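Peer 1: Sequence:
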Amino acid sequence: MRKLLPILFLFIVVCFLSCTSKDKQVAENIKTYSNTWDGIINAGKLELINDTHFDERITLLMNPENIVGIKNVQDFYANYLTGFTNIEFTIVDIFGQGDKIVKHWNFKGTHSGDFFGIPATGKSVDIDGVTLVAMKNGKITQEQDFLDNMAFMQQLGVLSNPNNIATIDTLYKAFAAGDIPAVLASMDPKVVWHEAEGNAYADGNPYKGPEAVSNGVFARIGKDYDYFNLAQIQLYEMAGNQILATLRYQAKSKKNGTVIDAQVAHHWFLKNGKVIGFQQYVDTKQLAKAVNK
Numbered sequence: 237m238r239k240l241l242p243i244l245f246l247f248i249v250v251c252f253l254s255c256t257s258k259d260k261q262v263a264e265n266i267k268t269y270s271n272t273w274d275g276i277i278n279a280g281k282l283e284l285i286n287d288t289h290f291d292e293r294i295t296l297l298m299n300p301e302n303i304v305g306i307k308n309v310q311d312f313y314a315n316y317l318t319g320f321t322n323i324e325f326t327i328v329d330i331f332g333q334g335d336k337i338v339k340h341w342n343f344k345g346t347h348s349g350d351f352f353g354i355p356a357t358g359k360s361v362d363i364d365g366v367t368l369v370a371m372k373n374g375k376i377t378q379e380q381d382f383l384d385n386m387a388f389m390q391q392l393g394v395l396s397n398p399n400n401i402a403t404i405d406t407l408y409k410a411f412a413a414g415d416i417p418a419v420l421a422s423m424d425p426k427v428v429w430h431e432a433e434g435n436a437y438a439d440g441n442p443y444k445g446p447e448a449v450s451n452g453v454f455a456r457i458g459k460d461y462d463y464f465n466l467a468q469i470q471l472y473e474m475a476g477n478q479i480l481a482t483l484r485y486q487a488k489s490k491k492n493g494t495v496i497d498a499q500v501a502h503h504w505f506l507k508n509g510k511v512i513g514f515q516q517y518v519d520t521k522q523l524a525k526a527v528n529k
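Numbering-wise, my numbering comes out as the position in the sequence shown, counting from 1, plus 236.
It is possible that part of the hints are untrue.
[To be verified] Taking lysine-lysine pairs in the DSS-like style, the calculated list, with each CA pair at most 27 Å apart, reads:
hint: 1; residue 1: LYS507; residue 2: LYS344
hint: 2; residue 1: LYS459; residue 2: LYS491
hint: 3; residue 1: LYS510; residue 2: LYS344
hint: 4; residue 1: LYS507; residue 2: LYS525
hint: 5; residue 1: LYS359; residue 2: LYS459
hint: 6; residue 1: LYS510; residue 2: LYS488
hint: 7; residue 1: LYS507; residue 2: LYS359
hint: 8; residue 1: LYS490; residue 2: LYS409
hint: 9; residue 1: LYS510; residue 2: LYS426
hint: 10; residue 1: LYS409; residue 2: LYS281
hint: 11; residue 1: LYS281; residue 2: LYS336
hint: 12; residue 1: LYS307; residue 2: LYS281
hint: 13; residue 1: LYS336; residue 2: LYS267
[As the list claims (entries may be wrong)] For each label pair, taking beta carbons as the anchor points, the in silico distance ranges come out as:
hint: 14; residue 1: THR377; residue 2: ASP259; range: 19 to 25 Å
hint: 15; residue 1: GLN486; residue 2: ASP350; range: 47 to 53 Å
hint: 16; residue 1: GLY440; residue 2: GLU324; range: 38 to 44 Å
hint: 17; residue 1: LYS344; residue 2: ALA402; range: 39 to 45 Å
hint: 18; residue 1: LYS359; residue 2: ILE457; range: 52 to 58 Å
hint: 19; residue 1: ASN286; residue 2: ASN342; range: 22 to 28 Å
No lab work stands behind these hints, which were simulated from the structure alone.
Everything numeric in this text was worked out from a predicted model, so none of it was measured.
Where a beta carbon is used, it is the ideal one built from N, C-alpha and C, also for glycine.
Construct all of the structure, not just a fragment, from the sequences and the given hints.
Peer 2: See below:
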């Protein structure tokens, strides 16, 4: 038994040193990795993508085709540095095991330049993602990013929010129910509203803010008409978070009893699920007959 004790002690020492060595290597990998990407993205030092920090066969796992090699990886990330200003790249959390690293990151910036062929939109983005990393001999050898690309494109203004049609549909249903507070609640505090030129209500164009729309448009509709219905509503999704609505106004004037059945189009502009702009197109001749004594 006594002969086994030195062997057991040696075994424990070897295991301890081995674990300590592995922990130290993970810590060094994380430090190298974090400092490298902070310099590349936040400091704009694209030249840090070199054979000092990256394996010469660095591979970005992509679909449908991987990006391989230092020069190709440089070209890929150049799109971010030329496409965005006001960049803030933050590593929210990072940990590793062996030669593997997992990174949770956040990217903020203003789309002010060409980004993979997408012209500048001036939109701000704020996107989270996760990267799986493989290290080799202290260098970055493989990366695979996971992020919500649809949300990213929506923030750029390239794709529209899929909930926009539902937002406008809910707004029309609230108007039909006479729930004007709900209609106003769907609007951004800085909404800009335009009535059609030639419409009597266009005298306040542009109405800015929900209260102005309520007082300048909705209150006057209630005063001028016995009923004012929206019929045959059709909604069409457009690029850039815009919705086109075609419909008809069916109403009866309180002033002279005129009944109208007018063809109408509404052009809606949305951002983050709220209406930020509105443009009306309507047969203003019929509306003029209804409001004249």
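Peer 1: Look at each hint and say if it fits the structure.
Peer 2: Here is how each hint holds up against the structure:
1. LYS507 x LYS344: Roughly 18 Å separates the two Cα atoms, so the pair holds.
2. LYS459 x LYS491: The hint holds at about 9 Å.
3. LYS510 x LYS344: 22 Å, holds
4. LYS507 x LYS525: 36 Å, violated
5. LYS359 x LYS459: 41 Å, violated
6. LYS510 x LYS488: Not satisfied, since the Cα-Cα distance of roughly 31 Å exceeds 27 Å.
7. LYS507 x LYS359: Holds - the C-alpha atoms of LYS359 and LYS507 are around 11 Å apart, at most 27 Å.
8. LYS490 x LYS409: Answer holds: LYS490 to LYS409 is near 24 Å, not above 27 Å.
9. LYS510 x LYS426: Given pair LYS510, LYS426 holds - Cα atoms ~10 Å apart, limit 27 Å.
10. LYS409 x LYS281: With a Cα-Cα distance of about 53 Å, the restraint between LYS409 and LYS281 is violated, given a limit of 27 Å.
11. LYS281 x LYS336: Measuring from Cα to Cα gives roughly 24 Å; hence the hint holds.
12. LYS307 x LYS281: 14 Å, holds
13. LYS336 x LYS267: Holds: LYS336 and LYS267 sit about 13 Å apart, inside 27 Å.
14. THR377 x ASP259: 19 to 25 Å: With a Cβ separation near 21 Å, THR377 and ASP259 satisfy 19 to 25 Å, so the hint holds.
15. GLN486 x ASP350: 47 to 53 Å: 48 Å, holds
16. GLY440 x GLU324: 38 to 44 Å: 40 Å, holds
17. LYS344 x ALA402: 39 to 45 Å: 28 Å, violated
18. LYS359 x ILE457: 52 to 58 Å: The hinted range 52 to 58 Å is violated for LYS359 and ILE457, with Cβ atoms some 35 Å apart.
19. ASN286 x ASN342: 22 to 28 Å: Holds - the Cβ-Cβ distance for ASN286 and ASN342, about 25 Å, lies within 22 to 28 Å.
Of the numbered hints given earlier, the model fails hints 4, 5, 6, 10, 17 and 18; all others are met.
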